[in-house]
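Q: Protein chains in written order, with the numbering used here: chain A, 434 to 771; chain B, 48 to 478; chain C, -19 to 390.
Since the hints were derived computationally from the structure, they do not count as laboratory data. Treat the hints with caution; some may be incorrect.
[What the hints assert, rightly or not] Taking CB as the label site, the calculated pair distances span:
no.: 1; chain 1: B; residue 1: Gly131; chain 2: A; residue 2: Asp542; range: 52 to 60 Å
no.: 2; chain 1: C; residue 1: Lys106; chain 2: B; residue 2: Met106; range: 13 to 21 Å
no.: 3; chain 1: A; residue 1: Asp542; chain 2: C; residue 2: Arg46; range: 15 to 23 Å
[Claimed, not checked] Below, simulated DMTMM-like cross-link-like pairs (lysine to aspartate or glutamate); rule was C-alpha separation at most 25 Å, straight line:
no.: 4; chain 1: C; residue 1: Lys304; chain 2: B; residue 2: Glu82
no.: 5; chain 1: A; residue 1: Lys564; chain 2: B; residue 2: Asp127
no.: 6; chain 1: C; residue 1: Lys244; chain 2: A; residue 2: Glu603
no.: 7; chain 1: C; residue 1: Lys106; chain 2: B; residue 2: Glu470
no.: 8; chain 1: A; residue 1: Lys462; chain 2: B; residue 2: Asp341
no.: 9; chain 1: A; residue 1: Lys564; chain 2: B; residue 2: Glu124
no.: 10; chain 1: C; residue 1: Lys244; chain 2: C; residue 2: Asp59
no.: 11; chain 1: B; residue 1: Lys120; chain 2: A; residue 2: Asp641
no.: 12; chain 1: A; residue 1: Lys572; chain 2: C; residue 2: Asp59
no.: 13; chain 1: A; residue 1: Lys462; chain 2: A; residue 2: Asp670
no.: 14; chain 1: A; residue 1: Lys654; chain 2: C; residue 2: Glu45
no.: 15; chain 1: C; residue 1: Lys166; chain 2: C; residue 2: Asp59
no.: 16; chain 1: B; residue 1: Lys120; chain 2: A; residue 2: Glu484
no.: 17; chain 1: A; residue 1: Lys508; chain 2: B; residue 2: Asp267
no.: 18; chain 1: B; residue 1: Lys304; chain 2: B; residue 2: Glu375
no.: 19; chain 1: C; residue 1: Lys328; chain 2: B; residue 2: Asp267
no.: 20; chain 1: C; residue 1: Lys386; chain 2: C; residue 2: Glu275
no.: 21; chain 1: B; residue 1: Lys120; chain 2: A; residue 2: Glu486
no.: 22; chain 1: B; residue 1: Lys398; chain 2: B; residue 2: Glu470
no.: 23; chain 1: A; residue 1: Lys546; chain 2: C; residue 2: Glu45
no.: 24; chain 1: A; residue 1: Lys546; chain 2: B; residue 2: Asp341
no.: 25; chain 1: C; residue 1: Lys166; chain 2: A; residue 2: Glu603
no.: 26; chain 1: A; residue 1: Lys654; chain 2: A; residue 2: Asp542
no.: 27; chain 1: C; residue 1: Lys244; chain 2: A; residue 2: Glu565
no.: 28; chain 1: B; residue 1: Lys223; chain 2: C; residue 2: Asp0
no.: 29; chain 1: C; residue 1: Lys304; chain 2: C; residue 2: Glu207
no.: 30; chain 1: A; residue 1: Lys462; chain 2: A; residue 2: Asp505
no.: 31; chain 1: A; residue 1: Lys572; chain 2: C; residue 2: Glu61
[Claimed, not checked] Derived list of chain A stretches under chain B, where covered just means 3 residues or more per stretch with a C-beta under 8 Å from a C-beta of chain B:
no.: 32; segment: 468 to 480
no.: 33; segment: 509 to 520
no.: 34; segment: 525 to 533
no.: 35; segment: 607 to 614
no.: 36; segment: 629 to 641
It should be emphasised that the depicted structure is a prediction, and the values quoted were computed from it without experimental measurement. We put the beta carbon where it would ideally sit given N, CA and C, even for glycine.
Spelled out, the chains give:
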Amino acid sequence: MKNSVFFGAMAFAGLAAGAASAGTLDDVKARGELNCGVATGLVGFAAPNAEGEWEGFDVSICRAVAAAVLGDATKVQFVPTTGKTRFTALASGEIDMLARNTTWTFSRDVDLKFDFIGVNYYDGQGFMVPKELGVSSAKELDGATVCVQTGTTTELNLADFFRINGISYEPVPVETNAESQQQYAAGTCDVLTTDASGLAASRTVFADPTAHVILPEIISKEPLGPLVRHGDNEWGDVVRWTLNALVAAEELGVTSANAEEMAAGTSNPEINRLLGSDGSLGAMLGVSDDWAKNAILAVGNYGEVFEANIGEETQIGLSRGLNAQWTDGGLMYSPPFR
Amino acid sequence: MSDQSTNSIAFVASGDIPQSPPPALEAGAVKWMRENLFSSIPNSILTLVALALIYKIGMNTIPWIANGVWNTKSLAECRDVLDGTVAGCFSVLTERWNQLLYGFKYPSDQYWRPNLALVLMLFAAAPVLFFDLPRKLLTFTAVYPFLAFWLIWGGPVITPIVALLGCAAAAWVFNKYGKANFALGFFGGIVAALIVWKITGFAIPESTDGTWLQAVASRDLGGFMLNLMLGVTCVSLSVPLGIALALGRQSSMPLIKGICVVFIEFIRGVPLITLLFVASVMLSYFFPPDATVDLFLRVVIMITMFSAAYIAEVIRGGLAALPKGQYEAADSLGLDYAQAMRLIILPQALKISIPGIVNVAVGLFKDTTLVSVISMFDLVGMIRGPILAATEWNGVYWELLGFAAVLFFIVCYGISQYSQWLERRLATDHR
Amino acid sequence: MTIMTDPPNSGFRLSQLFSDTRYRSMTFQVIAFIALLLMFAYLGNNLINNLRAAGLNISYSFLGERAGYDLNQSLVPYDSESTHARAAIAGLLNTLLVAILSCVSATILGVTAGVLRLSNNWLVSKLMAVYVEIFRNIPVLIWLIIISTIVASSMPLPRAFRGEDATASMIFDAVAFTNRGVYIPKPLLEHGIFASASANWLLVLVVLGVSLFASTRVGRWANAQQEATGDRPQTLWINLGIFVVPFAVLMLIMGLTWDYPYLKGFNFTGGTQIGRPLIALWFALSIYTGAFIAENVRAGIQAVSKGQSEAAAALGLRQGRVMKLVILPQALRIIVPPLISQFLNITKNSSLAIAVGYADITATLGGITLNQTGRAIECVLLLMLFYLTASLMISGAMNLYNASIKLKER
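Next comes chain A alone, as it looks inside the complex (with noise of 0.2 Å):
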């Protein structure tokens, strides 16, 4: 009784979002729109545009998963989520998957019970100091003032960081990045750390870019991807196997371009089973047979979304890195589509 009394209350004040209990992939499809965990505002990654638009390269896998899932790469609602908010966001089912540059630890996938399903940035964390100060080395910082993102393991790389080689520093912590460039900005740190593809994106947002240096160490492991909830197997393999997808397409050479020409059937049969051309890779998968097809028209190949948001070509110019394919000497590396 008080359960319905509760939840009349709720349905009528017509704000209870959908409710269901098999499965998230149920859930995102009797929704019609998938609830995405990402960042509050990093460029190139997860940032509202002037129009209000997300766009960025972890916006991108939510909606390369929409596509997939529902057919559609708009049907994804995003929630912004701060360090703190993220993981219970996840595990309370507020979000069916979080994309916000999160790296892979193994006691987050461990102890508080989420799934990594890959990893869609291999990044390390580094530092950024003022040209003028002259610094040219991370082991230079001896009582430098750092600017660090609270809640994230870029804090904790970072004491390790200095313990290890036995300098000290005085640690700023903020919430969030835009915090973090501010206070960089204004001088109350000397040096801003996080991940460096984050360093570079902040760096584009500086009036004089060049007025700012990368140090050369990176002092940590950052393997970035998106993760679900522990337990649910089958919305896990949705996502893992839609990021796959997209590393695959670049290296099959399947672009938004040509995807739906190559779905019409080529001599390729990886490439007819990743299209949806040659049997029925979707319907294992829980979703329709041109799922992947889908998935690439709307935001591109690992490539093309690489390209597109934090690419060289871009404000934020990241080079491929370790993100390259396997073929060009890079980690990116799908297994096969079989």
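Got chain A; can you put chains B and C on it based on the hints?
A: Structure of chains B and C alone, referenced to chain A:
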């Protein structure tokens, strides 16, 4: 008589001596200054210090505002235009005006909806705030929440109508039975509302497509609109809850009293920010596993509980200020508890507490900015998040913070002026 | 006319539970109790189900684990090897520190502004009115950010102190104002009596306490003399001696030296650093709450009847002494209760510390620890428990004080 005296005295004034002008030190601006600014040496020093302070602040801010740039597309462009002169780049306000007011996700062709809701709110609030207006206007006030809900969230028009029908049924039942037996009317009203919702609930369509007003998710609300909505919703919800808590705290039933005291003291003992943490990271664990309750709703629940505890304390003050004779008089008339409260005690106690309630409301409205800490994009959240993170506007603080400060000042100062007016007005009744 | 008596005993009917005043309150309480139990059971059941579904549990063992992060200010020894519990304690002490500092300065500021607002100097009273209105009507979060930005941008960078053409310089070569904070010399005891520094400082505190006790005894003796003879003996020199002599002797024995801050690398080292976050939070809370206290003080002063100040003036007291001897003591009784709630507000508002990067308990336990361990429920519960305890203790202490200055009615 008079003739004799005129003759016997050599000189007598035939008229008043013409008034001489007051000494220069005792007239006009000089006198005012001497009395109000330079009456003693310490006073003079204070005046000079104050003048120096005003001069310094004025010299810094006036050119900054007067030379401000209002129409550039980015900070870099604005700095080019200024070319080294120190002045504000107010173009961030013009360029991001809609984002500051409505957040970045509210559909831009629908801005008229919150605007209309705001205007209607002024009409709905008027009969509550100004007692002289005809009481009939309260009907509109009662309908307003449903109208505003529909205007802001959109979606099928049937949803608010169903809600309204349920509430109307509850009100009808309460009016019919509540006069005789409060408990019967109260619980009967709740049951009636539930029955109506149950029956009519099926009429609410599942999908929100193709409705007359485009549905907007509450996640898409933002900017100053979000502050206003949180403030208004939570204050209006917390007044009845606060009354109930205050009455509960005065109750002679130890258990009821205990529950109310613990609740009030607990809420008042913790900062709002921890309650917002509860809303953002804890509350979802307390709802049934198969439902996710919107963050907006969770925040409304927590802020309502927060302000209800404070309002309860204000009303308790009002209840305590009533002379004991009022309670005794009500008893001697044979009124039961509910009647005594409704007809005698509460009207007077609430009247005394209104200025206090308004103060709580102002404080609460200011505290709605804290939701930016849990990644909701209210006015402060918009400024600290998307706008300052954008490449074009990285580094603009004063203009944005100043704007936020001015906006809050206007609203809060307005409300506190109303509260003072009300205090004066209510005070006349006691003389 | 019949006298009302109890209704005839005609057996118990069920409707009496609601209509009979003898049973009604019991009925309501039982219903409320059951409803309360049901609600807790419902919420607890949901919690258990949700946690089980997510594979989580409630455990406080994370408090004993290595925290792994550093803090920029700690009153207890702390580094990244310490436990989460120690980080929480460091945050707790930081909260108390900023709350106590702000309470003191907000009271001073508030009383000054409140008195000045009633001053007969038109300009000053208007200025104070503007101060009060501006700070009361703008959210504290916005003030925090604004004041933090002012502190950060109005003071020079440490590197401005360097080189030939330094644009900033230290005051007396001892105090440096930078945008990272204020550096002041730190007193050091060269050859202390005890091995540990804190024991030595404790000794200094004990000596000062003894001096204070002695001086109150002197004061009492002087009062007794005054009442007996009408002449008040001169106690200033005695008091000065009581305080200065033992202190100076102790310092001489223990060898007081000063550790001056100096520029090294990126920042100043040596001396004591009062960090920018602390300064920003302290100033913001003091100025913001000062405006509220000013209003309370003004209301308190105005509530003292005008006859009191007229009577005091008729006795020939000067204006300052009228305020000090007649008005303020009476106004205090009205001011203290709202002052208590302002102190509580300061403590609670200090939880916004993370907005300026100050490591208070909300930033450590409720922020970094929560983020790193993911133990949201446990951290938030502990956090609420702390604030609740602090609030109850502050209001308890202040209520005792309030009771002691209350008008004694006999």
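Q: Now tell me, hint by hint, if it's right for this structure.
A: So, going through the hints one by one against the coordinates:
1. Gly131/B / Asp542/A: 52 to 60 Å: holds (53 Å)
2. Lys106/C / Met106/B: 13 to 21 Å: With Cβ atoms ~19 Å apart, the hint holds.
3. Asp542/A / Arg46/C: 15 to 23 Å: About 19 Å separates the Cβ atoms of Asp542/A and Arg46/C, which means 15 to 23 Å holds.
4. Lys304/C / Glu82/B: holds (23 Å)
5. Lys564/A / Asp127/B: holds (23 Å)
6. Lys244/C / Glu603/A: Roughly 14 Å between the alpha carbons, so the hint for Lys244/C and Glu603/A holds.
7. Lys106/C / Glu470/B: holds (22 Å)
8. Lys462/A / Asp341/B: holds (19 Å)
9. Lys564/A / Glu124/B: holds (24 Å)
10. Lys244/C / Asp59/C: The given pair, whose Cα atoms are some 22 Å apart, holds under the 25 Å limit.
11. Lys120/B / Asp641/A: Between Lys120/B and Asp641/A the Cα gap is close to 18 Å, so the pair holds against 25 Å.
12. Lys572/A / Asp59/C: Status holds; Cα separation ~19 Å.
13. Lys462/A / Asp670/A: The given pair, whose Cα atoms are some 15 Å apart, holds under the 25 Å limit.
14. Lys654/A / Glu45/C: Measuring from Cα to Cα gives roughly 23 Å; hence the hint holds.
15. Lys166/C / Asp59/C: holds (21 Å)
16. Lys120/B / Glu484/A: holds (14 Å)
17. Lys508/A / Asp267/B: Distance of about 14 Å is within 25 Å: holds.
18. Lys304/B / Glu375/B: holds (21 Å)
19. Lys328/C / Asp267/B: violated (30 Å)
20. Lys386/C / Glu275/C: holds (21 Å)
21. Lys120/B / Glu486/A: holds (18 Å)
22. Lys398/B / Glu470/B: OK: Lys398/B and Glu470/B at ~10 Å, within 25 Å.
23. Lys546/A / Glu45/C: Measuring from Cα to Cα gives roughly 19 Å; hence the hint holds.
24. Lys546/A / Asp341/B: holds (23 Å)
25. Lys166/C / Glu603/A: Holds, at about 19 Å.
26. Lys654/A / Asp542/A: holds (16 Å)
27. Lys244/C / Glu565/A: holds (16 Å)
28. Lys223/B / Asp0/C: With a Cα-Cα distance of about 22 Å, the restraint between Lys223/B and Asp0/C holds, given a limit of 25 Å.
29. Lys304/C / Glu207/C: holds (22 Å)
30. Lys462/A / Asp505/A: holds (11 Å)
31. Lys572/A / Glu61/C: holds (21 Å)
32. 468 to 480: It holds: at least three residues are needed, and the segment 468 to 480 of chain A offers 5 whose Cβ sits within less than 8 Å of chain B.
33. 509 to 520: holds (count 7)
34. 525 to 533: holds (count 3)
35. 607 to 614: holds (count 6)
36. 629 to 641: Answer holds; 4 residues pass the 8 Å Cβ test.
Checked against the numbered hints given earlier, the structure breaks only hint 19 and satisfies all the rest.
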